[in-house]
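Student: These are the residues of each chain, in order.
Protein chains: 2
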Amino acid sequence: MTDSMSRLVACFRSLPGVGAKTAVRYAYSVIEKDEESAQEFANAILDAKKNIHFCPECGNYTEDDLCEYCRSRDKKTICVVAQPKDIAPFEKTGSYNGVYHVLHGTLDFRNGIGVDDIRIKELLARLVGVEEVIIATNPDVSGELTASYLAGQIKPLGIKVTRLAYGISVGSEIEYADEITLQRALSDRKEL
Amino acid sequence: MTDSMSRLVACFRSLPGVGAKTAVRYAYSVIEKDEESAQEFANAILDAKKNIHFCPECGNYTEDDLCEYCRSRDKKTICVVAQPKDIAPFEKTGSYNGVYHVLHGTLDFRNGIGVDDIRIKELLARLVGVEEVIIATNPDVSGELTASYLAGQIKPLGIKVTRLAYGISVGSEIEYADEITLQRALSDRKEL
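In the order they appear, the protein sequences are chains A and B. Position one of the first sequence corresponds to residue 4 (the numbering used here), numbered consecutively onward. Position one of the second sequence corresponds to residue 4 (the numbering used here), numbered consecutively onward.
Since the list gives no way to pick one copy over another, a pair counts as held whenever it fits inside one copy or between any two copies.
Taking lysine-lysine and the DSBU-like style, the derived pairs with C-alpha atoms no more than 35 Å apart in a straight line are: (1) K24 / K36; (2) K36 / K95; (3) K36 / K124; (4) K124 / K24.
It is worth saying that the hints were derived from the structure and are not from the lab.
Given only the sequences and the hints, what does the whole structure look like? Please build it.
Tutor: Structure, rendered in structure tokens:
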């Protein structure tokens, strides 16, 4: 394998779930593209890296000052998710009109991820005027722990705290939930 | 989704076998990389596209004047493959010391791919001094047709023409053959 090829294969291998053979296939496919497409691929990576930053309010990715949801949505409800990629499934349901808050992780004391390592402080700082906080972390140990911790912090402030109903199956990941299940889980959300 | 994100997702979707969800996962993973890794990814694409070209003798990819095999191997035996990616499995067997010839396709008259559309002319032009041509196209209709055609052209020149033994299973692809099967197929190759 040539040097340039090895470097490109290594880059593809750094993507989630990509093994050696798949990385080689991807690399060949890039080499087989025309000049313009390869250039666009490289530019798309650099532009995404350069233009996309965290929304200062909710922590979602955005190219603007505020993200599209913080600019236009009802701020009386905040849906708390672990990662930016967890937002898309909610948008697909078409049944949520509030804003989001991205924690960028969940509490995981065994792995040294504590209260100050995720965006909890930022969430607590934006609760003025908020009527409900929906906690939509994954239904696993770390997600549940985070939900309990947040409920303990937020309920004393007189704000309603809800958790998605167990329409989502235990052990699964929100990123991959289908729209119907997630819609059900949204409408059945229960107070903590 | 932001513009930069959509563009990056579109690029990943252009890779073989990558659907919408996988493309989004890849794009997020790129955004989450540090500045330097994203830069290296973009450079790797551009460098591969710029530096890698076809070896003028065999049609394999190379960064040098001649590819690594054409520079150092016994030129009395040529192994004919459809694509550059079909070379790696042979190298892994460790039991082939000849050179290669990459056709960049196989005959497929129904889809308008004829004798002049793949590198057959170039193969016929490099047969001086060659003792054996091993035809290693995929064991499918188009691969078999190409093998027969080549045998018909090359045997009259007094050169031995062989085909990989059917150790490789019919309907499969050489790119994914395991080393043992392919080693067997190499040693059992039979004259056409």
